[in-house]
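For reference, the chains in residue letters:
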Amino acid sequence: MADEQVDIVVIGSGAGGAPLTHTLVHAGRHVLVLEKGPLLRTQAQSPDGLSDFKQDETFATGAEKRLTVPGIANAGDSYFSSHVEPDLNDEPHIYRGEDGGDRATIEGYTAQVVGGGTQLYGGVSLRFTPDDLRLASFNADRTDLRDDPDSDIRKEARDWPVSYDDLEPYYCKAEQLVGINGTRYGQEKPASADYYQKPLDPNPISVHVAAGMDALGMRRYRTPLAVITEDHPPSGRTVPADRDTIKTAFVNRYGDPLGLKSNTWVSLLSPLAGNPNFEIRANCVVTHLETDGSRVNRVAYRDPAGQTRTVSAKMVVVACSAIESVRLLLLSGQRDPAFAERINGNGLLGAYFLTHCFGGASAVVPDRTDKSRTLDSDWATDHCARPEYLHEHGLWAGGAIYNNTSDGALPISLARTWQAMDMDNMWKGYLYDTSMVADGFEDYLDNNFGRRLSVAFMANQVPQRTNRIELHPTVKDKWGRPVAYIIKTWHSHDRALMETLAPQCGDILAHGGAGVDVVGVGSVENSVVRIANHILGGARFGTDPADSVLDPDCRAWNFDNLYVTDGCFMPTSGGANPTLTIQANSFRVGDTLVGRL
Amino acid sequence: MGVQVVDKDTQYVLNWCTKYLARDSTDPRHNFGQFAATDPRAAICEAWRFPVVDSHWDGQSAETSYPYNDVTLVYDARATPAASVAVVGTFSELYSPVPLQPVDFLGEPTGFFAVTVRVPKGQVHTYKFVVDGTFLVDPVNPQMATMDNGQAWSRFFTDGCPIPLVLERRERDVLWRLVGHLLPFRLEENSRFIRQVYEQLDRSARDREFPLAYKLDEDVGVVNYIDKLLAREEEHNADDYHACLGIIDRLLRSRFGGADCLTLPPEAYEDLYREMETDHVDGWDTTRYRNPRDFLLLLRRHAMTGAFVHPRHGGNSGAAGWMYLEDRYRDAQGQTLFDWRRAIEAPLGHNTDYRG
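The listed protein sequences derive, respectively, from chains A and B. Using numbering that gives the first Met the number 0, the letters of the first sequence correspond one by one to residues 0 to 596. Using numbering that gives the first Met the number 0, the letters of the second sequence correspond one by one to residues 0 to 355.
Take these hints with a grain of salt, some might be off.
[Claimed, not checked] Here are the simulated DMTMM-like cross-link-like pairs (lysine to aspartate or glutamate), alpha carbons at most 25 Å apart as the crow flies:
1. A:Lys427 - B:Glu276
2. A:Lys475 - B:Asp338
3. A:Lys427 - B:Glu274
4. A:Lys475 - A:Glu167
[To be verified] To give an idea of the interface, some chain B residues facing chain A are shown, with a C-beta separation under 10 Å as derived from the structure:
5. Val52
6. His180
7. Leu228
[Claimed, not checked] Covered by chain A, according to a simulated footprint, are these stretches of chain B (three or more residues, beta-carbon under 8 Å):
8. 78-89
9. 335-347
Simulated from the structure, these hints should not be mistaken for laboratory data. Even for Gly, the Cβ is constructed at its ideal location relative to N, Cα and C.
Generate coordinates for the entire structure from the input sequences, incorporating the hints supplied.
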C-alpha cells in the first residue's frame with residue numbers, strides 16, 4: 000500500500016497524545032493520530048444514538064477468562080478484565096514475581112481505546128507540588144531520611160528539567176480545556192488561575208472524612224475530578240438538566256456513555272472533528288518505527304483488518320502509555336541496531352520505571368448512605384506533601400490523600416473487590432469467604448453495602464535503575480512481537496513511607512466520628528505487581544544526555560523528530576495521580592512542536 | 000414484513016473486528032476447554048462476542064426501543080475473498096437472505112462483511128451465511144444448534160432470553176435449590192418480597208420488564224443467568240456444571256431414598272454446602288469431578304453476579320435483586336439508600352438521558 004505523508008503522527012490518543020494534538024491542530028498542523036484501541040463514542044456522537052459504553056457492571060469486569068500463555072507461572076488462573084482492557088492471552092504484560100516466576104498481569108494496563116486510560120479512570124486530577132519536581136534539591140542535604148542505608152535517594156533523585164513555574168500555565172490550560180470540577184482553597188499547589196467547575200454536593204458518607212481531616216488539622220479541598228458539572232464551552236459538552244444525575248457509581252473503570260467524564264476523546268479530540276488537518280484512525284496498532292539516521296521517517300502499523308501500512312511524518316510522537324511506549328521503542332531497536340544505538344546508547348531506555356507508593360485505610364461507618372449517588376472522590380488533602388511533614392517523618396517526598404467514594408458502591412463490585420489486593424485477584428476474597436451464604440450473606444450486605452468508606456494515599460516512589468521495562472525473552476503477542484516484561488521491587492524507604500502514610504489514612508477515619516470502625520490499614524509494600532495503573536518513567540527527561548533518554552522538551556536525545564509524551568518522561572513519579580501532569584506536559588510539548596514545524 | 004436492517008457505520012463494526020478477530024497468531028490461546036483441539040476458534044479472542052448483540056435505539060422513545068436488540072452479523076472473508084455474502088436465519092421471514100455489506104477502511108475493502116438487524120429481545124435464532132452461493136455455519140460464533148434433520152446451524156440469543164439452552168430440566172432444578180441456599184432471597188420475608196414485586200406489576204408491566212421471565216422466584220433468575228453464561232461467555236465452565244449437578248443429584252437421591260431434589264428440605268442443601276466448603280463430600284464422585292469446593296466457588300461467583308447483574312443478561316429478573324436492596328435499605332424518612340433507577344435506562348430504570 001502506498002506510503003502516506005503527514006506533518007505529525009501521534010501514536011496514542013490518551014493523556015500524553017491528545018493535548019499536544021489539540022494544540023497542533025489548532026495551530027494548523029496536519030496531525031494523524033494512530034490508536035490501537037477502538038473508537039467508542041458517546042450517545043450524542045454515535046450515528047445510531049447509542050454509546051458503546053454502558054452503565055452495566057459486567058463492562059468493568061467481564062466474564063471469566065483463563066491465562067494460557069505458554070511458560071508463565073500463573074497459566075490456568077482466571078482473570079477478569081473490562082471490555083477495553085487488552086486480552087491478556089493476546090498481549091500480556093509479564094512481571095517477575097518475588098519467587099522469580101514470570102506471571103501475566105492486568106495491572107499496569109490502562110485501557111486500549113480512543114482516550115486511553117482517561118476513559119476508565121476515576122478522573123482524579125491533582126497537580127503535583129512544586130517540590131515533587133525538585134526532589135534532588137529538596138533532599139540534597141538531608142541527613143534525616145529513614146531506611147535509606149546506601150543513600151540511594153541522594154544518588155537517584157532527579158530534579159525535573161522544568162520547574163513548577165514552567166509547567167504552571169499548562170496545568171491551567173489542562174484544567175480549562177479538559178473540564179474539571181473541584182476547589183482550589185486548601186491546596187499546596189499554587190495556581191495562577193482557577194478554571195475549576197463547581198463540584199456537586201459530596202456523598203453524605205464523606206462527612207466522616209471531612210471530620211477526620213479537620214480533627215487532625217489537615218487542610219482539605221474538594222478532590223479535582225475530570226467530570227463536568229456545568230456546560231463546558233471549550234469542548235461543546237452540556238450537562239443534563241438534573242445535574243445530580245451526573246453522580247452515578249459507574250465512574251472508575253467505566254467509560255461514560257454521556258461523555259460527562261472528561262476523557263481526552265470528548266474533551267480534546269472529538270472537538271477537532273471536521274477539521275481537515277486532523278484525522279484519527281482507531282484500531283491501528285503501530286508495530287515499529289523506521290529511521291534514516293537521526294530522523295524517524297516511517298511509522299509502520301497494522302490497520303483494523305491486520306494489513307501492514309506505513310505513514311511518513313515530519314515528526315513522530317510516541318504516547319502509548321509508559322510500558323507500551325518503551326516497548327515500541329525497544330521493538331524498533333530490535334529490528335534496527337542503528338535505532339537501538341540512538342535511542343538507548345546509554346542503556347537507560349526502560350530503566351527507572353516508576354509507579355506510586357500507595358495504600359490507605361478502610362472503615363465501616365454506622366450510618367448507611369446511597370453510595371450509588373457519587374463520583375470517584377470527595378475530599379483531598381496535601382497535608383502529607385508539606386515540607387514540614389516530610390522533615391518531621393524523615394521522608395524524601397510526600398503524597399496526596401483523598402477518599403474514595405465509588406468503590407464497592409454497586410452490589411457486584413462490592414463482592415468482586417472484596418479483600419482483593421489487586422486486579423489479578425478480583426473475586427477471590429468474596430468467593431473464598433464461604434461463610435457469606437444465606438443469613439451470612441445478608442449480614443455481609445447489612446454491614447457493608449453503603450457503609451464502606453476508604454481513604455487512600457498516592458505518593459512518590461524512589462527511582463531505582465533496576466526497576467525497569469524490558470522485552471520478554473520468549474512471550475509474544477498476537478502479532479508475534481515480544482511483550483513487555485516488568486521488573487520492579489520496592490525500596491526500603493518506599494516501605495517506610497507507606498508504613499507512615501497508611502496509618503495516617505487510618506487516623507483520618509478513626510477521627511471521623513462516633514461509630515466509625517477502621518477495619519483495614521495497608522499498602523502495596525508486600526506486592527511487587529501493584530501498579531495502580533500509574534505507569535511512569537522508563538524514558539526519563541533531563542538536561543544531561545548521559546543521564547536521560549529525553550531532552551527537556553521530551554525529544555529523544557539523538558533524534559531530530561522523535562518525541563515521547565506519556566508518563567514515561569517522568570524522572571520521579573510525583574505525589575499524586577499522574578494524569579493531569581501528563582496532560583499539562585503534553586500541552587507544553589505541543590507549544591514547542593508548533594515552534595519547530 | 001421483512002427483517003428491519005439497522006444502519007451501523009464501519010467504525011462500529013471495525014471496533015469489534017480488530018480486537019477480537021485481527022491477528023497473525025494461530026496459537027490456541029483462547030481455548031479454556033470449550034473447543035476441540037482442531038477448532039480454529041481457539042485462536043480467536045472471545046469468539047462468543049459474534050454476532051454482536053447490542054442495545055437498540057429507534058430515535059423515538061425508550062418504550063418503543065426497549066423491546067429490541069441490534070444484532071450485528073460479521074463474516075470474515077480476509078483469508079478467502081468472497082464476492083457476495085448474505086445471511087439466512089429464523090429472524091427473517093421465510094428465511095429470506097439478508098445481504099451483508101463489505102466493510103471498508105480508508106476506502107479499501109477490509110475483507111470483513113457485516114449487517115445489523117433488529118431482533119426482539121428474549122429470543123433464540125439460528126442462521127447460516129451464504130457465501131457466493133454456499134451455505135456455511137458462522138466460522139467464528141461458537142454457538143451451534145442441531146436441527147431435527149441433523150444439520151448444524153449457528154445460533155444466537157438476544158437479551159433477557161428465558162429459553163433454556165445448556166442445562167437440562169433436572170440440572171436446572173438442582174441448581175435452583177443450590178442457588179436458593181446461596182442467596183438471601185431464600186429467607187421467608189425476602190422471598191415474600193420478591194413475589195410481591197412480581198405480583199404488584201400489571202400485565203403490561205410484566206410483559207415489558209420481565210420479557211418471558213424464567214421461573215421468577217427466589218433465585219431471581221440466577222439459574223437462567225447461569226444457563227445463558229454457559230451458552231456464551233463461559234461455555235468453558237459448562238462441563239463443570241453438567242458433571243457436578245449430576246453428581247449432586249445422584250448423591251442427594253441416595254441420601255434421601257430417591258426423593259426428588261425439589262422436595263428435599265433446605266437442610267439437605269445446607270449440609271451439602273458445608274461439606275463442599277471443606278472439599279470433602281460424602282459420596283462425591285471424584286473421578287468425575289475432583290474438587291467439590293472448586294465448583295462451590297464457581298457457583299458463588301455466578302450466583303452473586305446473576306442476582307444483581309443488569310437484567311439484559313438473563314439474571315436479576317425484572318430487577319428484583321436491585322429492588323430487594325432498594326427496599327431493604329432506607330433512611331429514617333423512608334427514602335431508599337440504593338436508588339438504582341437513577342442510573343439505569345428507562346423503561347427499566349428512570350434515566351431518560353442514558354439509553355442503555
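So, going through the hints one by one against the coordinates:
no., hint, verdict
1, A:Lys427 - B:Glu276, "holds (14 Å)"
2, A:Lys475 - B:Asp338, "violated (46 Å)"
3, A:Lys427 - B:Glu274, "holds (20 Å)"
4, A:Lys475 - A:Glu167, "violated (41 Å)"
5, Val52, "violated (12 Å)"
6, His180, "holds (6 Å)"
7, Leu228, "holds (7 Å)"
8, 78-89, "violated (count 0)"
9, 335-347, "holds (count 9)"
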